[in-house]
Structure formats: C-alpha cells, structure tokens
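One line per chain: the protein sequences are A, B and C, in this order. In this text, residue positions in the first sequence follow my numbering: the first is 1, and each later residue adds one. In this text, residue positions in the second sequence follow my numbering: the first is 608, and each later residue adds one. In this text, residue positions in the third sequence follow my numbering: the first is 937, and each later residue adds one.
No lab work stands behind these hints: they were computed from the structure. There's no promise every hint is true.
[As the list claims (entries may be wrong)] In silico DSS-like links for lysine-lysine, alpha-carbon gap of 27 angstroms or less:
| no. | chain 1 | residue 1 | chain 2 | residue 2 |
| --- | --- | --- | --- | --- |
| 1 | B | K926 | C | K1134 |
| 2 | C | K1055 | C | K1203 |
| 3 | B | K880 | C | K1151 |
| 4 | B | K789 | C | K1341 |
| 5 | C | K989 | C | K1341 |
| 6 | A | K70 | C | K1037 |
| 7 | B | K926 | C | K1151 |
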Amino acid sequence: MSVSQHPETHALEHAELGFIRKYIFSTDHKIIGIQFLFSSLIFLIIGGLLALLVRIQLGWPHSEIPILGKAWWAGSAGNRMPPEFYNMAFSMHASVMIFFVIIPVLAGAFGNFTIPLMIGAKDMAFPTLNMCSYWFMWPAFILILLSFFADGGAAGAGWTSYPTLASITMAAGEGMSSPAAPNSGMGQVLWLSALLFVGVSSMMGSVNYITTIINMRAPGMTLFRMPMTTWALFITAILQAFALPVLTVALILQLLDKTINTSFFLPPGNLLFGNWATGPGGGQPLLWQHLFWFYSHPAVYIMILPAMGMVSDVISTFARRPLFGYRAMVYSIAGIAGLGFIVWGHHMFQSGMDPRLGTGFMLATIMIALPSAVKVFNWLGTLWRGNLQFTSAMLNALAFVSLFVIGGLSGIFMAATPVDVYIHDTYFIVAHIHYVLFMSSIFGIFAGVYYWYPKMFGKRMNETLGKIHFFFTFIAANCTFYPMHILGVAGLRRRIFDPSHTLFEGHLQGLNVFISVSALVLGVVQVIFFANFIFSLFGKRIGERNPWHSNTLEWTAPSPPPHGNFDTPPVVYRGPYEYDLPGLEEDYLPQTARMPGQTIGTVPAHH
Amino acid sequence: MHKWWSLLFGTVMTAAVLLFVVAFPLGWWLPENIAIGTGNYGKRVDNLFYLILWITGFFFILTEAIMVYFLFVYAGDQGNLTPANRKYGGELKPPSLFGFIIRPLARLIHDQHRLELAWSIVPAIILIIIAVTQISAWEAIKYQSKMPSPGGVGVQQIEVSARQFEWRVRYPSLARMDDWQKEPKYAEDFSEVAHLDDIRLVNEVHTWVGQKVLVHLKTRDVIHSFYLPNLRLKQDALPGKTIRVWFQAEKANTRKIGDDWVDGDGYDPQSGKPNNPEKVWELACAELCGWGHYKMIGKLYVHETEADFRAWMEHARGKQYLTDPRKTE
Amino acid sequence: MSFFSLRWKPGFRRQVYGLPITFSLVVLSGCGDNEYSADLRYPARTDPLVPRKMDTVPPHLDKPGDFPAILSKLHFTDEELNKKFEAEKKNFLDPTNLNTKTRDQIETRLEQLFGTPFKPKVDIQQLSEDVRQSLNWDENRRLLRLDENTLSQGSIAYRHHCLHCHGLPGDGRGPTSPWVNPHPRDFRLGIFKFTSTKGGNDRKPRREDLLRTLKEGIESTAMPSFALLPENDLQAIISYVIHLSMRGDLETNLIQRLLMESDYSLKDAVEENIGAIVASWINAANPQSLIVPEATNAVFPPGREQRQSVKNGFDLFRSTKDAGCIGCHKDYGRQSDFFFDAWGTIGRAADLTTGVYRGGRRPIDFYWRIHQGVNGSNMPSFGNLLKSEEIWDLVSFLQVLPHPKMREMFDIQFD
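Same shape as in the complex, but just chain A:
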C-alpha cells in the first residue's frame, strides 16, 4: 500500500477557535466521536427504559403498573397499559437501540475517535463532512423523540415495519392515519423520516472512513499493520456504503406510500379494516421485506464487526500476547461482511417467499458460522499462554467472546430452515438477537469505553466500579436473556402483549417473571456505569499517554490528543500485536518504536 502524504491543509499555528467551533460545531474527529458517544448514551437510557416497560408488562401481564398506570392510563383506560402501547414499546426499543445507540456508538463514536489516531493521521479526510455526519443525526433525534408524542403514538409495527401493518394509509386527502394500527399514522411517518437522516449520517461517515483509511495512513502503516479495530471499522464502512442506499430507498418508498398514496407495498385487491377499506394497489408487501433485510442483515454485521475489532485489540493488550492469527482474523471479518450480503433471505424463510430461494439463503447462512467460529478460536488462542490482566475493559471483552459463542451457536438453529419453521418469531430469536447485540456489541462497547476513556478524556474510569458493574451486568444479562432460549423452544411467540392468553405459552409465566426481575436488576445496575462515566469526567486529570502499555499508535499521542493528534507525524515499523517478544525487557513493542537498524518496510507483520 502507498505511503501516505500529509496534506498541508492548515498552517501549524492558526487562530484559536471559539467555544462553539471547538466543542459544538467541531470538525475535529475526536470531538465528533465524543459527541456521538454522549448522544448515544442518552438514547441507551431511553431504549433501556422502553425495554423495562416491555418486560414489566410481560412479567406481570394483568397487573396495574405502579405509578405509571395511574399517570398515563387513567380514565376509560382503567389504569391498564393498552396493547397498542406495548407494541410501541418494543418497536421503539429496538429502533432506538439499533439506530440511535449501537450503530452511532460503534461506527460514529469509536469509528470517528479511533481511526485517524490508529492509522497515524491528523484528522479524517473530510472533516467538514464528518461534522455534518454528526449534525445530521440531530434531525433524527428530534423526529424520533417527537414521534412519541404523535397522534396514535410512536411507531408500533416492530422495528421491521412490515407493510401492510405499517404502511397502510387512508385514501387520498384523508390524512396519514392508518386504519390498521394507531401507531402507523404520524408516528410511522416520523419514524421513517428519522431513519432517513440516520442513514444519510452513516453514509457520510462511511465515505469518510474509507477514504481516510485508504489514503491517510502514516508512513509504514501498511494495511496489514492496521489494528483489528481499524480493519473492522473499515469493512463496516464498506458494508454501510453498500447497504444503506437500499434502506434509504425502502424508507422513501414506504414514506411515499404513507403520504401520497403510492402503492409500492400495497397489494392488488381491497384490504378491509372494519368499515375502513384501502387499496387496491399494484405493489407487493414482500418487496419491503427484501429491501429492508438487504440492508438490515448487513446492519447486524455493522453492529458487531467493530465490536469484534475492538475486542481483539483489548484482549491482545490485556493478555499481553499477540493476536492469534491476525491475517485469518482479517479475512474472517471480510468473509463475514461479504457473506453478509447474500443471506438476507434468512429473515424471510416463512414469509411466503419462494421456498427455493430459501434453500439458497440457507446454504449461505450456514456458511457464515464458519468465519465467526474461526474468530472465536483465534481469541482463545490469544489468551493461551498469556499474562491475563483483568481490567474492566478486559473483562467486558472476555464476556464478549464467551457470550458471542452462545449467540453464534443459536444462529445455527435458525439457519436450518426446517427448524426455523418452528422457532421463527419465537423467543429463541429474541434470545439470539440479544446475545449478539447486548451481550456482544454492548459488552464490546463497554470494553471500548473503559479502554479508550483515558485517551479521550485524560482521566481513568474507576476500576473498582467498573468491575462491580461488570460482575452484576454479566450475571443479570445472562439471567435475563438465556432463559429466552428455553421460552423459544417451548414456542412462546415474540411481540405478545399477554403471554398468559394461551395454554402452550401460559405455563411459562414463571420464566417470564424471572426474566423480568433480572431485567429490572440489569437496568438498575447500569446506573453504576453511567455514574462512573460521568463522575470520572470530573476527576483529576492524569493525562497518562499509555496506561495500558499498548502498541497501537493512539497511545503515543497525548491524552487527550490535541488538534492534529500527534506531537510529530508517526512512522510505523511493525504490526500492532508485537507483545511478548522473546528477548525484550518490556512485554510490548509499540508500532512506532524504532529498533536499531529498522526501516519501515522490512519487518513483516507478525501473524
């Protein structure tokens, strides 16, 4: 790969920027990354509270919710949560977590913060575009928060928003309310619009990341000397660039269906909703599913690959060992991403899609298990013969590995189409989702936060609180989501307001109560993390450059790095995983440390 030139974009000294240009409308990738982090943490709270509402209803389906029952549902509602509200709660929980928490944190926060630092660049290739990518999230924030106050409530057709439930509208001139569901009126329109902005923001970001990584690496930083975090974010950016346009199209089509009565997703023949009738159209509900899942399957890899990359770096650093099988890890990530584009139909096995397509998608889906398995084995290999340091970051990263195994293995059940006939739309799927999203992505996020906090803010988070938070989160999360596998095997369906309504699901209520209690505990325990995060911001600034004795480039910069990142432009002599080399005093050898006689080209990457 080419040796990058340092573009002389600004003079070394320039006028001091005001507070607004420095911290609000900043073009500095680090500030933008932190902005993404803060906004996402706020939405994490919102998404978590929505989840608790769901679990409270599921655990005690017939009880009056204390305080909220009287506050929100007095009068004719009899203090009881209406089923439409429940539908809104789980739909918005998923939408907020996916589009406003995980993707912005992984791609937006960590992507922005770490990429230039880890490749030795001064900033991103397009700093102003970068700033736009953050500020384009704000219309999305406003729209999604407004949607909670829309007439009929926020979107309630699932985060998957399938037509015709989500997209049906009254006839031309009669407004946007939906005869199919109250939440599919203005709430759905706002949801669609908010996601459009999120998509545009992500696309801007991905253009930036790809360009920066290809063009702006420091001298000596070949592609195969980049840390896994950067590789993962690079491949994630490619995924976003290719998949998001399809989602954008799908959202626009549904928006048109809702607002100007097109019929992209409205089938021929009238649809009857009591006295209200809609249609006929000339479209196909299945079209939405194809377009949506074409994006949303790569989206789930967007939500896990950066976490995998970060976890690789964290484990390598704290095991004090080189990453086992660096090249295999890179190829696995590429393989997961590539295969990820041809498996979207596995969300649609039961949808009425031609079953022959199902066979094809099944074969591709089963193969995706392979690179994931390779990665798990490589992480275990990294631990082998290590000198494991159990910091908060390491613990969260280890949790990622062990719990991702569960999430990945449960995926094999769903990939097998005959088994999927049974477990589709049951709690088995919910268990799988949360093992790969909560237990993997979010633990990966925690690991990343504890790991890069000193670099971001020049202070450390409290290690003891970090460990307490980890301990309880690990237990509570497993108590919450593991029994869902059993619920799914027993046949409990997803998205059910009252599981005690049937015999085949009603007898599982004990498990539901256990899960709900664990979920409440899990929610409360996160207070520790937030308290730690916020109070540490006001702690004493230590400013240590490399608290974890890690190899990668960002640890050579000051903490926090100034505008321009490095004291002098870095030069890279080796790969990022030179830990535990025999014959050295220290157990690590940074990428920029020049050994006598070393030039940037000669040392092959350690693999």
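Following the hints, complete the assembly by docking chains B and C onto the known chain A.
Chains B and C alone, transformed into the frame defined by chain A:
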C-alpha cells in the same frame, strides 16, 4: 485472587447448560409433536433440532471450558507485566491432568497454520453436513410440488382467512367433499370460489387422524402467520396472495362429550380449565398484526375417525342453518 | 487493580447488592394482580348526550383517531351540511353543564347502587319496597345472574379482554376505540344491536344474544371471537356488561332529566328510571319475549325447491312498498348512504353482497334482524309489515345474493 474471574464465567456457563438439562423435565420444552412421522416433515424438524442441539452443545461446552480453563491458568499477577514467555520458558506447562489430551495436540498447536486450517475445515464439514441433510425436509414442508394437490384423492381442503384478530375458516360441505371424490377436478376451485353451503367457523380447524390437510391461507388485511406449534408448522399469510400449507396429524384430541365435540377431554365447568391440557392444540398468529396479535388464537381439533368428523360437520351444519331458536342455544 | 484487594467499607456491599433488590421489590409490591385496584372509581360521564336520531347525513366516515371527539372534530367540506350539523349539535346535552354538586351526587348514588370496578354490584335491595315488588326482584335476580361473585369474576375478565376497547365504564371509549371502525359499543345507552327479543327501542337482548356475539365475534369489525374463553368467564362477562349497561343507562337518564328539568329530585329520578331499566332486562330474559318464527317450513341453504321463495324474496327486496329494502340498501348495499346512529357514530346500511354479516349468518339471525330491526341503527322492524313466510323468502334471497353461481342458478339478475 484474580483467578476467581474464571469462576464467574464457569458458573454462569454451567448454569446455562443446566438450564437446558432441567428444562425438559420441567415441561419447558417443545410441545408434543403430533405430526405424522413417515413421509411427512413433522418429526424431521425435531430430529434436526436435536442434531443441531447436540452439535452446538458440544462446541459450546468445549469452547467455554477451554476459555474458563485459560482464564484460570493464565491469569497473571495483576499489574506485573513481566513478559509471559519468561514465565513459560517456551515449554507448555498445563496441569498434568490434561497432559494426556494436550501433548498429542501439541504438535498441531505449535504449527499455527495447521491449527488454523484444522479449526476452519472441521467446522466447515460439520456445517455442510447440517446444511445438506435438511434440504429435503424443507422441501417437504414448503415446496408446492411436494404438497398434496387440491384435486388429490384423500386430501381435505380448508380455507383459512386471517384477519385482525381472528381466523375465519371455511370448510366444504360433506356433499361437496363426496362430489370431489368422484370428480377430483371440481376440487380445484375451492380456494377461489366460496359456495353457499360451505361451513364457516371462526378459530377452529377440524380434521381427523391421518388425513392430509391442505390449507389455503389468505389474509384480509395485514400479514399474519399460521402457526401450529404441535405440528411444527408456520407460514406467513400475505395480503394479495393465497399460500398453500399442509399437514397431517397422527393423534386425536377431540371427541363428543354430551352435545358437543370438545378437545382436552372436556373442560371443567368451574375453572374453565381443560381436563387434559395435553390434548389442547392451539393455533396462534406468529407475525405482528396489530394490537390484538396476542389474542389471535384458534384451536386444532383432530377427530379420531373420519366418521366422527362427518358427524361433527353435520352438527355444525345444523347450527349454521338454524331456523328455530328453541332448538339449540 | 485486583478485584478482591478492595477493602469493603461496611455499608458498601449492602448498598451495592441491596439497591437492585430493593428496587425490584418496590416495583413488585405495587403490582396488584388481576383485579382493578380497590380505589379505582368509574369516571363520571363528560361526553355529550346525543339525540337518538340525528338528521345530518354525513358524506363519509370519520378518520382513524377522530373518535371520540368525532362530533367536535368532524367537519364537512359542504358548507350547507356543516351549518346544519352545527345547528344540530346545539341540541346535544352536555353533562358538564350540571353543577359539580349534582354531578357528585349522581356519582355517589351510582356507586351506592352499582359499586366500583373492583367490587361491582347491582344493589336493588336498597331501593324502595315498591320498586322491589314491581320487579319481583327476589326471584328475578337469579335470572339475570347479577350476584356479586359473578360480577367480580366478570370484572376481572372484562379488565383482561374488553377494557382497552370498551372502556372502564363501558363507554366504548377505551384507548383503542379511536382506531377501529365501527367503534366499540357504548353500553351506556342500554341499546344493543343484535337482539332476538320483541319490543321497541328500549328492548334488551337475551343473555344468549350477547353470548353469540362473544363466541362468534362480529365479522368485519374489531370485535373478535372469544369462543376460546371458558364458558363461565363468558357468562360472567355477560353479567358484568349488563351491569355496566344498567349503570350507564341510569347515569344517562339521570343526567338527561336533571339537565332538562332542573328542579327534579335525584331520588325520584333514580327510582323512576332504575325500575324501568331493570324491568326491561328482566323482560328480555322472559322466554315469552323470544321471537319465534311462525312459518316453520323454511329450508336452508335454499336448494332448487326453494326457487319460488328466492324469487319472492328478490321481488320483496326491490319493491317500493312493503319491504322496500333497496331504498336504504342502495344497489344491494354497495352504495348505501351514511347516517348517524343512536350512539352518535357513523354507520350505513349493510352491503349485502359481501357474504359478511355482522349480526350473525344463521337464517334465524337474519329473521330477527328483519323482524325487529337493528336497535340503534336505521334498520326498522318489518315484523308487522311482512308475514313470517315473506321474511323467510327474503332470507333465502339474501343467502343466495353474495354467490354469483347461485344467482345464476336462481335466475337473479342484476349488474
């Protein structure tokens, strides 16, 4: 002391395994599978499920055990960053208990390339085996070419029209079913043309033991999903399309008690609970269809013999064409 | 950095462990079970009383979300129509025009008679001896199954299954109600559409009628089938609905009388009205009230032997005198006009070509609707105009109407 972290991981993972072990005796497991075994997909779904369960269970235990072991053995002095290679001096030092397993693998492990290859190829083979063995089961469930055809002899046709929030079921009358036996081609328009003498019920699917049932699945408004847990059957209903689904039950749950045919061996008049809950087989909607999705429940009634089914249908017909309110109510 | 080297401060562990547990317990302790909470009261009526027959002919239905403010939010593009509508709205009676003291008195009295959602009752005992005698209450209470046990059970079942549509006091204004059309039934007028009993506008349904609605649902509306509920739950719900209807009916009548005649005494009002209300329910339960067709030779489904019957029905349907169904069911129901029904919601004469029947599809259900009309809507009763055989002829025709092949067979021509 930091070795205790491995205990945390080990405990949680052990609890996970134990949960699966105790789930079955506690009744938190697959509902009874009443689908006919031979020539039908029903039992194959379960077999495939168990195959995958054992394989993934094995790899789960293996991987987590290795991880817990590593966390225990390789836990370092916290804060002591002496390079690990000085500790181990180039020699593998596992506790001797595992030596007899690990030493033969040592040659494999030392050669990193070979190891990578091994743990890529072995899972790949296992996955391919899982993939290939299941294709015919999938075909049996969903491929229209493998389903009983409407005009086929010995096929019972039903139309299920899903709507928010119930299942409207239409059966051909006995007279028409008999006609079809003589002239199978007349059976083909059942899904498109509703006849006056069709029997219409709500939330009840009736058939009899061993009979192949072909369901024409429709929906009047949004996407619903026809889910029969005991038959391991699920199919989304798409607005604008009629989708075919089929099944065949091998056990009965319905008999005549008093005036009416009931499942579950009858219901207790006080509590309303079935006397035998094992014999209540439910039909549930499995795709979010609105606020009433949770209550979109029906029941599957399997009569013991065709004669019993016919008797029930006569009874249902009588109720449908009631003209004297003093008779049944 | 070691986890266990931390010296635990004495209260620290308790706080750390205790916090999640306490929180959960707080949440759990507030949770009641299946019943309404004991302090919950039926809300007082605030929506306006609508005259039974409104003249305005609405040109279209209300939109999702308009109800229950339908009468205030509804606005037509035709200015003439709007003026007429606004003029008619002036006739509505607004309960909030009563002074607070009167309204409180009404609610207190209702609570004394009908209890709370948690402890519902129909306490006729506390009324005067005359009323109890005239109702023959000691015998008839068993007939209506309005004992406290059944009502409590009904309250629980109603809360699970019916509340979010039909609302706490049975006002049809639950949170789901604006989003379904037809809107859920408001029980407070004491009017039920699908009845099998003789009588005028104040007739009540039998328990069996309500049971039919619960078991079969009302096809093409949001009222689903509840056939899978246990039988005694269904009976309890019926009792509870009757209770809500009685309560709402009394409340409506009281508000109306007191608004129209300000010096009317509450006590007199109660005694007068409650007697009539309960009597009408008792009457409906009387087997004498059941409409039994006189003609007994009707055959369903109609076969070739019933050609004449079907033809007669066709003629009756289209005639401009006698039945004259086609006058309202324009083009066999495909182009019927809208109207405001007794509840102030918008309906129209049914489309009879779809094969979907809200009031039941059995021939006897058709018979009842034609014979006695559909209470609350514009469907009048034809029991005095038509002979029993003629009604059966109409029913035969209506059964054939939705099926093109059958129409061919019976020579029914229309485009």
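Violations among the numbered hints, reported as their numbers in ascending order: 5
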